[in-house]
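J.: Okay, here's what each chain looks like letter by letter:
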Amino acid sequence: MSYRRRASPLHAARAAVGCAYCLSLLVAALVLSAPVALGAVVLAVAGAGVGAGVGRDLRRATLFALPLGLAVMVINALVVRDGLTVIARLGDLPVFGQTDVTLEATVSGAVLGLRAIALVMCGALYTAAVDPDQVLRLFRRVSFHSALTATLATRMVPVLARDARRLAEAQRCRPGPPPSRARLVRAATAGVLDRALDVAAALEVRGYGSARRAPRGTGVKRPWSRHDLAFTASAVGVAVLAIGGRLAGLEPFTSDPALHAPVGAGGLALAAGLLVCALLPFADRRGIEA
Amino acid sequence: MSALALDHVTYTYPGAAGPALADVTLEVAPGELVVLAGSSGSGKSTLLRAANGLVPHFHGGVFAGRVTVAGMDTREHGPGELAAAVGTLFQDPETQVVMGTVRAELALPLENRGEGASAVARGVEEVALALGIAHLLDRPTDELSGGELQRVALGAALVGRPALILLDEPTSQLDPVAGDELIALLRRLGEDFDTAIVLAEHRLERCLPFADRAIAMRAGRVVCDASPADFLAWACAEARELATPGARLLWGLGATPAAGVKAARSALRSRGPLATVQAPPARDVRRPAREAIRFDRVWHELDRGPAVLRGVSLSVGAGERVALMGRNGAGKSTLLRHAAGLIRPTRGKIVRAGRVALLLQNPTDYLVHDRVEQEASAGALATVGLGDPALRERHPRDLSGGEKQRLALAIVLDDPEHEAVVVCLDEPTRGMDRRRKDELAALLCELDAAVIVATHDPEFAAAFAQRVILLADGAPIADGSPAEVLAGGTYFATETARILGGAGGALRPEDGIALLKATSEVGA
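Residue numbers (the numbering used here), protein chains in the order written: chain A, 52 to 341; chain B, 5 to 528.
Chain A extracted, bound-state conformation:
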């Protein structure tokens, strides 16, 4: 998965706005805990992905994150002792000891898992819809080297994925039983280190080691477009709704000692508000060529 320029309102917005938009969804996923509100965030990110034309990328990232979310839920259910409603007595398990699985621990684990999925989806949306080269320019005034490192890390993902495919293909060409996974991981790690060294050398000879900031006033001023304004408003709206909703107690959720997650009008309104606020900018496709 990597950034591709596409005909979408999110791709048309400047990188700073794209970053802010993805960040606001990330903040919402972090501060909200009620299943309905968190579900609304997941739906909002998925809808944004579809609206930005990166639905396939997001689907792949979600499929990757699903086992992670399930693992978080199962581990939480097994290790957290909170909650009064026992739903399974597993007896004395190795490592875990005496294990009683409670409804509260299972639900709180599911919420954590859902949050993990939402965070991965936010990251996938950022990777697929925000131009990393523009991000580099954006942050170079603050910390050029950190920005370049972050951008490179994003770019290395498809490069390393291609390396992994090549390695897997070469192993398919080996007759006899395939080498163990541990051996493959070691070989892959050695390859990654070699590549990192090559990239570092390439950066050195491009002047990365002595990079300087451009003098002030030499940058190009880019006027704000309607998409920039719409996504900025959306980012602010999502962040205000999420933080405000949390502070106002619109999404009450507790899992200890007993499960308490009432779905009230306030919670539903918050979820609907988040969805509308996040997806509204995609309705304006003026100036976007199909």
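Calculated directly from the structure, the hints in this document are not laboratory data. Any given hint might turn out to be false.
Straight-line Cα separation of at most 20 Å, SDA-like style, residue types lysine to any residue; simulated pairs [unchecked claim]:
(1) K408/B x D245/A
(2) K272/A x K408/B
(3) K408/B x L244/A
Chain B residues, not near chain A, derived (Cβ > 12 Å throughout) [stated by the list, open to error]:
(4) G91
(5) D96
(6) G164
(7) A223
(8) A259
(9) L448
(10) A522
The structure displayed is predicted, hence computed values, not measured ones. Virtual Cβ for every residue (Gly too), placed ideally from N, Cα, C.
With chain A's structure known, arrange chain B on it following the hints.
T.: Chain B in isolation, oriented as in the chain A frame:
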């Protein structure tokens, strides 16, 4: 002031037993195009890395002497500062391109220097126009072909108008057309910008005609520094592996070697025999009766893209040696993957008489163990010439490029129960010097299995193949004996064939010498 000056430079890599550069002294003038020649491990790449400051600043080690680039001493200025005066292009473009789009890639060196936005935009536009890549500016870099990536990397090296450009085997990944274009482009840019160019290459026949000077290295020392013609005369006498096919042809006829097809033809014309040689009639290739593999109207169509293979129908006989040639993107690698069953045709079928072994482009991808002997059986190692007990104890990643190639070949051949009936190799000669290519050609000729090699190297194809198939746009456009396919063209032809204008179907210098001697005897 010279663009580059090395004064008694000796350098040893950390932990190395001996120096990679030993008392090297040389000077390169502004606007000069210098070709660095030498076998693998002779010190060419290290010399380039000393010129851009990576040696010693990036690699460490023990450094003595002085390197001056456009007046800057590399002991006092690191690669970052030298980047303003030196542009570098390494062998593998994939590891050099670091940004997401071509425009951002070209802008990065200027932005690193702190140039303002308008200066960056102007610099990017100018270099893109000069290199003919303006249409690629907004393309993502990970969608570009190898040739396009190499041009973009060259653009990034040139964008700051450096005084010196260093290139380490820049054509090794390119097809003959793109390679020739790149070298001609370098010559023109050097003349336009007065940029000195130092170019390390194994395919000397490609770049010597454009060079002002050639420097030969051996064991870290400069052993010849002369004009291309004098260098070739020295190479014919002292280092045959560095002599181009054209030079060997002329030397074998007792003439003075000359760089380039045109100069070689002039030298031959002055002797007279060239015009009297007639091309022989085309002969049918005798095919083995037994088929090893057959492609029957094979198509490979991408999900949302063009067809990579378009109804390929061909068969390869048992024990036959076939060279598969064509431009980058012609479908050679895809055809080999189909042969080995790594991918399935979207239409058509492939019939195999047995197991197909495939050696992909990067042999390191096959190496996963800690010792050579763990990778393949003793028998397989002996088959590829790696039977030496000391070698079998070594770590596979510590082997030389040629040894890795042979080890990977041993790995894919190593199945005594299902011996391969076809062995496919994808670009096995990338970055190889002539001696190693000759060794590989000899090894392939000894195999009992049918051999299919995808290659850009006509000299290598002429050395091992009994049959050459030329692919274009996913389909074979020529299929015949090497003499038929490689003697008639310009790009997919050996230097000997180009010098002789395809006469007599002679592809290699020794064929040309025999042909011309026979012709002159008949004429006498």
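J.: Hint numbers the structure violates, sorted upward?
T.: Hints 2, 4, 5 and 6 not satisfied by this model.
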